[in-house]
Amino acid sequence: MQFETIIGLEVHAQLLTESKMFCRCSAGYASADPNTHVCPVCLGLPGALPVINHGAVQATIMTGLALTCSIPEYSKFDRKNYIYPDLMKGYQISQYDLPLCGGGVLPLVIDGKRKDIGITRVHLEEDTARLVHRTANGETYSLVDVNRSGVPLMEIVSEPDMRSPEEARAYLMALRQILRYIGVSTANMEEGAFRCDANVSQRTLDGSVIGPKVEIKNMNSFRSVERALAFEVERQRKALRDGEALVQETRGWVEDQGITVSQRTKEFAHDYRYFPEPDLPPLVLDRAEVDGIQSRMAELPTARRDRFIEQYGLNEREAELLTVEREVADFFEVTVDGDSDRAREASNWITGEIFALMRDSGLELEDVKISPEQIRELIELVGEDTINNRTAKEVLVAVHETGKSPREIVEERGLAQVSDEAQLLAVVRSVVDEHPDAVTDYQNGKKAAIGFLIGQVMRQMRGTANPGVARSLLEQTLAERVTS
Amino acid sequence: MSELINRSAVELRDLLDNGEISAVDVLDAHLARVEAVEASVNAFITITDDVARAQAQAADQRIKNGTAGPMTGIPVGLKDILCTTDAPTTAGSKLLEGYRSPYDATVVKMLREQDALFIGKANTDEFAMGSSTEHSAYQFTSNPWKLDHVPGGSSGGSAAAVSAQEVSVSLGSDTGGSIRQPAGFCGVVGLKPTYGRVSRFGLIAFASSLDQIGPFARSVEDAALLLGAISGKDPNDATSVDTAIPDYRATLGGDLTGVRVGVAEEYQIDGMDSRVEESVKQAIGELEKLGAEIVPISLPHTEHALATYYIIAPAEASANLARFDGVKYGMSLAQDNLLDTYLQTRGKGFGPEVKRRIMLGTYALSSGYYDAYYVQAQKVRTLIKRDFDEAFQNVDVIAAPTSPTVSFQRGARSADPMQMYLSDVFTIPANMAGIPGIAVPCGFADGLPVSLQFMGRAFDEATVLRVAHAYEQNTEWHTSNPPLDAQISTAS
Numbered sequence: 001m002q003f004e005t006i007i008g009l010e011v012h013a014q015l016l017t018e019s020k021m022f023c024r025c026s027a028g029y030a031s032a033d034p035n036t037h038v039c040p041v042c043l044g045l046p047g048a049l050p051v052i053n054h055g056a057v058q059a060t061i062m063t064g065l066a067l068t069c070s071i072p073e074y075s076k077f078d079r080k081n082y083i084y085p086d087l088m089k090g091y092q093i094s095q096y097d098l099p100l101c102g103g104g105v106l107p108l109v110i111d112g113k114r115k116d117i118g119i120t121r122v123h124l125e126e127d128t129a130r131l132v133h134r135t136a137n138g139e140t141y142s143l144v145d146v147n148r149s150g151v152p153l154m155e156i157v158s159e160p161d162m163r164s165p166e167e168a169r170a171y172l173m174a175l176r177q178i179l180r181y182i183g184v185s186t187a188n189m190e191e192g193a194f195r196c197d198a199n200v201s202q203r204t205l206d207g208s209v210i211g212p213k214v215e216i217k218n219m220n221s222f223r224s225v226e227r228a229l230a231f232e233v234e235r236q237r238k239a240l241r242d243g244e245a246l247v248q249e250t251r252g253w254v255e256d257q258g259i260t261v262s263q264r265t266k267e268f269a270h271d272y273r274y275f276p277e278p279d280l281p282p283l284v285l286d287r288a289e290v291d292g293i294q295s296r297m298a299e300l301p302t303a304r305r306d307r308f309i310e311q312y313g314l315n316e317r318e319a320e321l322l323t324v325e326r327e328v329a330d331f332f333e334v335t336v337d338g339d340s341d342r343a344r345e346a347s348n349w350i351t352g353e354i355f356a357l358m359r360d361s362g363l364e365l366e367d368v369k370i371s372p373e374q375i376r377e378l379i380e381l382v383g384e385d386t387i388n389n390r391t392a393k394e395v396l397v398a399v400h401e402t403g404k405s406p407r408e409i410v411e412e413r414g415l416a417q418v419s420d421e422a423q424l425l426a427v428v429r430s431v432v433d434e435h436p437d438a439v440t441d442y443q444n445g446k447k448a449a450i451g452f453l454i455g456q457v458m459r460q461m462r463g464t465a466n467p468g469v470a471r472s473l474l475e476q477t478l479a480e481r482v483t484s
Numbered sequence: 001m002s003e004l005i006n007r008s009a010v011e012l013r014d015l016l017d018n019g020e021i022s023a024v025d026v027l028d029a030h031l032a033r034v035e036a037v038e039a040s041v042n043a044f045i046t047i048t049d050d051v052a053r054a055q056a057q058a059a060d061q062r063i064k065n066g067t068a069g070p071m072t073g074i075p076v077g078l079k080d081i082l083c084t085t086d087a088p089t090t091a092g093s094k095l096l097e098g099y100r101s102p103y104d105a106t107v108v109k110m111l112r113e114q115d116a117l118f119i120g121k122a123n124t125d126e127f128a129m130g131s132s133t134e135h136s137a138y139q140f141t142s143n144p145w146k147l148d149h150v151p152g153g154s155s156g157g158s159a160a161a162v163s164a165q166e167v168s169v170s171l172g173s174d175t176g177g178s179i180r181q182p183a184g185f186c187g188v189v190g191l192k193p194t195y196g197r198v199s200r201f202g203l204i205a206f207a208s209s210l211d212q213i214g215p216f217a218r219s220v221e222d223a224a225l226l227l228g229a230i231s232g233k234d235p236n237d238a239t240s241v242d243t244a245i246p247d248y249r250a251t252l253g254g255d256l257t258g259v260r261v262g263v264a265e266e267y268q269i270d271g272m273d274s275r276v277e278e279s280v281k282q283a284i285g286e287l288e289k290l291g292a293e294i295v296p297i298s299l300p301h302t303e304h305a306l307a308t309y310y311i312i313a314p315a316e317a318s319a320n321l322a323r324f325d326g327v328k329y330g331m332s333l334a335q336d337n338l339l340d341t342y343l344q345t346r347g348k349g350f351g352p353e354v355k356r357r358i359m360l361g362t363y364a365l366s367s368g369y370y371d372a373y374y375v376q377a378q379k380v381r382t383l384i385k386r387d388f389d390e391a392f393q394n395v396d397v398i399a400a401p402t403s404p405t406v407s408f409q410r411g412a413r414s415a416d417p418m419q420m421y422l423s424d425v426f427t428i429p430a431n432m433a434g435i436p437g438i439a440v441p442c443g444f445a446d447g448l449p450v451s452l453q454f455m456g457r458a459f460d461e462a463t464v465l466r467v468a469h470a471y472e473q474n475t476e477w478h479t480s481n482p483p484l485d486a487q488i489s490t491a492s
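Protein chains in written order, with my numbering: chain A, 1 to 484; chain B, 1 to 492.
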């Protein structure tokens, strides 16, 4: 039997709003003590009522627009009823049949080919409190931290369009990139701001066997999504091949064992008893408001990549590298500062030296103490022959270490390039005198030997010699030596 | 000073502002009345005399400073389903025994800011579910007119406290008639404002799309005074509406010339007390004499209102009451595991009527039944609303009985929930449509008050109050007080 894998993903992304979804509590609780960002509303106290945070509605619509979703004129919130200690009201305010965003598309590039993943819907809801399970003296107990309760949570549901764990991972990466680009979420998976559940099933290519849909939960990194799905694909295929019963169920990924285990079968599925939230008026989405959100939306990564190629004459690989993160793309464009002639150099500096610096130091771009203006200054210093490329690299490291400007460093350390012929000629002559072997090589036709001699000039000048001037003086001197 | 309990809130307002009496005098008179009658009436779950004492002193200072508001120094009862920081809020349930809210309901905050005098937290059917206040987990409240009769419900404590002159005015909540029906049973004025007129923030929710807070008073003018003090858009309640608030008291007065009063044939039903029917008929005649034009109208979907209500209200309640799980606040019967904690706490904490409605609502929302019950009920609700919209194209107010019967003896309907539910058959439609309704006394039957209801256009409380006021001022029904002293002395 030849199987095809069918994968659909549900992503929950916390929104980067200042306050929570339905109250004025701060949504930024990451480093806060437990239960300090709480009020009667997010605690679900008797008598408290929700009020919609329109910033969250706008962020969700922006996400929908980024995914080319349709935005309806009318939307509403619903109550999703279930009881659990992390759910303060005994129901979650969510959206059922009229989500904020309808169908859309997320285009991927897989093995150089474009593949569109359908987006079923994007809706808005509230996050739950966080449970912490502890054991002390052999007794287990649980603590509830309500800080997370009521944080705006956006759910993005894909169509079952992915055919492999690798595609699933690519989809998640692309989605995260978009959310970060438009600034609606940190989309940080390790911190729980970006969570993924997967629905995976198998079918034979001829359609004769269609396996049941299994939902996988508990995957806390991109890597674990890929691993869990790969495990599940094999588990399901083996069961189907061996004629074992496969059931529709929810399974949890156990990271340290690398397996999925059954959590809940279909018979025990919840009946959430959805009904319209009577405490909140329906949302009427004004066209002008939606257009306004569209106009405020940052340029998306694919569009920006294409523009970089077009506008700055970059090749595809460079453009790709520069647009993976919005911060890098912004850094690049500030460096270029509207002067396309600078683009080539800017790209080289960023994808070369800056990336290397980030890789070696393990820092994010925002933590590297080099500004786009400083890179621009560096490019100018090279362009006006004040320093050469080799010195420029040295200066860059010094800028990162000291925070001083490139010009300051060049001045302080006397790194300005020497083009003065008289000064250089003295050095050239001494080098020629000291390396008769290289001179002989050169004169015997091994022209490459001049590179060695230029290197020696540079060494004596601590890198500050103007390489062009040094080369012509060397050539002159060597020619003179032959004739003499 | 004991005569101060006979004064209306607006009279007290004048006396206080003129410096003829102090808020402390007002308080003392009412606390003395509470002392004298409360053991027989049992209107309050908690008496907050200490709170009221501090408020009276602050009120006197406020009056002296010239910063008094309309409710400064006026004794008020609060239904014990309104959250208050300085007294327990029980919602009439064992599950919330001793529960202390960390915040005040918006209406409470508004009155507190004026230094109204909070006399106590008034008894209620558990979570406002009931029509006799017999479903309170704490006590039976008596009807001041006949102590072995019920005060109506669910805001029975708030109605009885006003009727027994323990307070000048009080606040209740009305989901299907819980202000108007007990007002009618106790012979006082009760107003359910338009849905969205008064903030629900801090009202422990029964059915969120129907609940509305409103005043009880012994006169229409007092009800107008209190309504003005609690109305308005609240940023904490997304369903409250930002619309102009008229000076309700100022709109009162004048006759009914040019006023069109609708009378719907659907408000005469089988099993109705003929004495109620007769009183209401006479009242309508009175309106005509006052210049009103009586217009026969039809509200064809009225007969489905009760059934519709008993889908929608329990459905919403089943979700609203889910938070009471014994984990976070209130009663907690902690067991070895979570499920048992839930089952024990909710099993022992909720009374039978509350459980009945949670089950009804859960069922109506369940997969496979949702369309047949909840969705269908919402459609009928729309039709009921449309009935009123059409009627109000031709009339300014609609007159109807408040309830099909007068008060009944305690226990008389306890065994039959359907009989109890029928008490609200004339009040439920206004909740379904979100429109205002007021109950005013219009007669007596064997010493028990009969009540007339006026319903009006959404946010047109002013017209409803004006018509009710004209009727009241031209009849004597509101002037008599219950024979409470006689009943108490007979009993002792």
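No lab work stands behind these hints: they were computed from the structure. Be careful, since some hints might not be right.
[What the hints assert, rightly or not] Straight-line distance between alpha carbons at most 25 Å, and here's what the computed DMTMM-like set of lysine to aspartate or glutamate pairs gives: (1) B:K328 - A:E139; (2) A:K447 - A:E421; (3) B:K348 - A:D86.
[Stated by the list, open to error] Non-contacting residues of chain A with respect to chain B, defined by C-beta distances greater than 10 Å in every case (computed): (4) P85; (5) V144; (6) D271; (7) Y312.
[Stated by the list, open to error] Chain A is nowhere near these chain B residues, computed Cβ spacing over 12 Å in every case: (8) S8; (9) L82; (10) S101; (11) D104; (12) A207; (13) D234; (14) S240.
In this text, a Cβ means the ideal position worked out from N, Cα and C, and glycines have one as well.
Hint check results:
1. B:K328 - A:E139: 21 Å, holds
2. A:K447 - A:E421: 22 Å, holds
3. B:K348 - A:D86: 23 Å, holds
4. P85: 5 Å, violated
5. V144: Violated, because the least Cβ-Cβ distance between A:V144 and chain B comes to about 8 Å, which does not exceed 10 Å.
6. D271: Violated, because the least Cβ-Cβ distance between A:D271 and chain B comes to about 5 Å, which does not exceed 10 Å.
7. Y312: Holds, because the least Cβ-Cβ distance between A:Y312 and chain B comes to about 48 Å, which exceeds 10 Å.
8. S8: 30 Å, holds
9. L82: Contrary to the label, B:L82 does not stay out of reach of chain A, its closest Cβ about 8 Å off (not over 12 Å).
10. S101: The claim breaks: B:S101 does not keep its Cβ more than 12 Å from every Cβ of chain A (closest is about 7 Å).
11. D104: 10 Å, violated
12. A207: 8 Å, violated
13. D234: Non-interface label on B:D234 violated, nearest chain A Cβ at 9 Å vs cutoff 12 Å.
14. S240: It is violated; B:S240 is separated from chain A by about 9 Å at its closest Cβ, not greater than 12 Å.
The structure fails hints 4, 5, 6, 9, 10, 11, 12, 13 and 14 (numbered hints given earlier, in ascending order).
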